[in-house]
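Take our numbering: the last position of the sequence shown gets the number 985, and nothing is skipped along the way.
Just so you know, the hints here were simulated from the structure itself, not pulled from any lab data. Don't take each hint at face value.
Label-pair distances were calculated between CB atoms; the ranges are [to be verified]: (1) R672 with R832: 50 to 58 Å; (2) L948 with E927: 48 to 56 Å; (3) L948 with W833: 38 to 46 Å; (4) L700 with S955: 22 to 30 Å; (5) A848 with E827: 15 to 23 Å; (6) D677 with L654: 37 to 45 Å.
No farther apart than 20 Å at their CA atoms in a straight line, the calculated lysine-lysine pairs in the PhoX-like style are these [to be verified]: (7) K717 with K741; (8) K753 with K717; (9) K753 with K928; (10) K741 with K963.
In this text, a Cβ means the ideal position worked out from N, Cα and C, and glycines have one as well.
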Amino acid sequence: GVQQTRETIHSPLRILLGLLVSLLCLVLVLRGVQWDAVIAILGDVRLVPLVAAVAVEFLTFWAIAARWQRLFTPQKSPSERRLFEILTIAQLVNGVLPAKLGPLVRAYLAGKGESRGVAFALTTVVGEKLVEGTSLLVIGAAVLPFVPLAGWLRPATWVGAALLLIALALVVWIAFRQETAGRWLERLLARWPRFLGVAQSALAALAVWRDRRAILSLAGWSALIWGMTVLLNQLLLWSLSIDVPLVAPLLLLVVLQIGVRVPSSPGSIGIFHYLSVLTLTLFGVEKDLAFSYGVILHLVTYLPPSLLGIVFLSRSGYSLSKLRRAAGTIPLEIDSPEDCGDGQ
Numbered sequence: 642g643v644q645q646t647r648e649t650i651h652s653p654l655r656i657l658l659g660l661l662v663s664l665l666c667l668v669l670v671l672r673g674v675q676w677d678a679v680i681a682i683l684g685d686v687r688l689v690p691l692v693a694a695v696a697v698e699f700l701t702f703w704a705i706a707a708r709w710q711r712l713f714t715p716q717k718s719p720s721e722r723r724l725f726e727i728l729t730i731a732q733l734v735n736g737v738l739p740a741k742l743g744p745l746v747r748a749y750l751a752g753k754g755e756s757r758g759v760a761f762a763l764t765t766v767v768g769e770k771l772v773e774g775t776s777l778l779v780i781g782a783a784v785l786p787f788v789p790l791a792g793w794l795r796p797a798t799w800v801g802a803a804l805l806l807i808a809l810a811l812v813v814w815i816a817f818r819q820e821t822a823g824r825w826l827e828r829l830l831a832r833w834p835r836f837l838g839v840a841q842s843a844l845a846a847l848a849v850w851r852d853r854r855a856i857l858s859l860a861g862w863s864a865l866i867w868g869m870t871v872l873l874n875q876l877l878l879w880s881l882s883i884d885v886p887l888v889a890p891l892l893l894l895v896v897l898q899i900g901v902r903v904p905s906s907p908g909s910i911g912i913f914h915y916l917s918v919l920t921l922t923l924f925g926v927e928k929d930l931a932f933s934y935g936v937i938l939h940l941v942t943y944l945p946p947s948l949l950g951i952v953f954l955s956r957s958g959y960s961l962s963k964l965r966r967a968a969g970t971i972p973l974e975i976d977s978p979e980d981c982g983d984g985q
């Protein structure tokens, strides 16, 4: 079972697919780019909004850590500082390792600390993705009517909306019917106590969905996080003197947040830049300028957190290779239901 999990995560086919997607996007985005113009544009970047954007990026990471901590409710959680450190390490992992292992690394590091275990921590990450997906759905629906030539985006939005609603309904049902879900798990996994322990720990993490205060808190933190992300997008638009409607940084938020989840090379190189160009050209921005924006946004998104992640990684006693191996062994972290107690 674990070997199968590791093969799935580190599948050469999955990695190859990601590289091909990135290569295709690079070919599309680089076609017709005037490098002299790009160099001149980047040389004229305004430093004040650029530095402000970097500061906003770090504040956003801290807000994500605060929201993540709420997802451990009602169980004991790692500190916000520890979760912030883990987030920067995960960003480093996403930037340099294939297969987008960041979420699994987050679960592994958080589960090895003060929480109830890796399976529980992994479910908090999954819960976070559901919260993000739901809020992005709302933002996307609000933005689409104001986007010029947005027909290419609408079908994907509605398909994504249907899938998210189904997933959300399933999570809510399980959260409010934990006894029933628990009995099903016991019947299905009775022969595999190791996996039953993982599933039971994961089920316990859904308790937060029954807490109205926790849900309101998650909604508030999500609004703050997306607001700061839009501000970061706008600051970088100002840094290159790009004049576009406010709907542009909002659309960038939705498109890039969805796009970076597609299999790609480490750091989403290629797809990140292609989607930036695709979005900004909808608003009449020239390709060279839009590509320059994609370059700066990508650097601000990945480089500062990753540099900090290197510092925290060196202090943690782990290495990138060890984290990569650990991401493939998460199902082994809990050997029995009894081990789900306190994560010690």
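How the hints compare with the structure:
no.: 1; hint: R672 with R832: 50 to 58 Å; verdict: 55 Å, holds
no.: 2; hint: L948 with E927: 48 to 56 Å; verdict: 31 Å, violated
no.: 3; hint: L948 with W833: 38 to 46 Å; verdict: 42 Å, holds
no.: 4; hint: L700 with S955: 22 to 30 Å; verdict: 24 Å, holds
no.: 5; hint: A848 with E827: 15 to 23 Å; verdict: 18 Å, holds
no.: 6; hint: D677 with L654: 37 to 45 Å; verdict: 39 Å, holds
no.: 7; hint: K717 with K741; verdict: 27 Å, violated
no.: 8; hint: K753 with K717; verdict: 13 Å, holds
no.: 9; hint: K753 with K928; verdict: 46 Å, violated
no.: 10; hint: K741 with K963; verdict: 15 Å, holds
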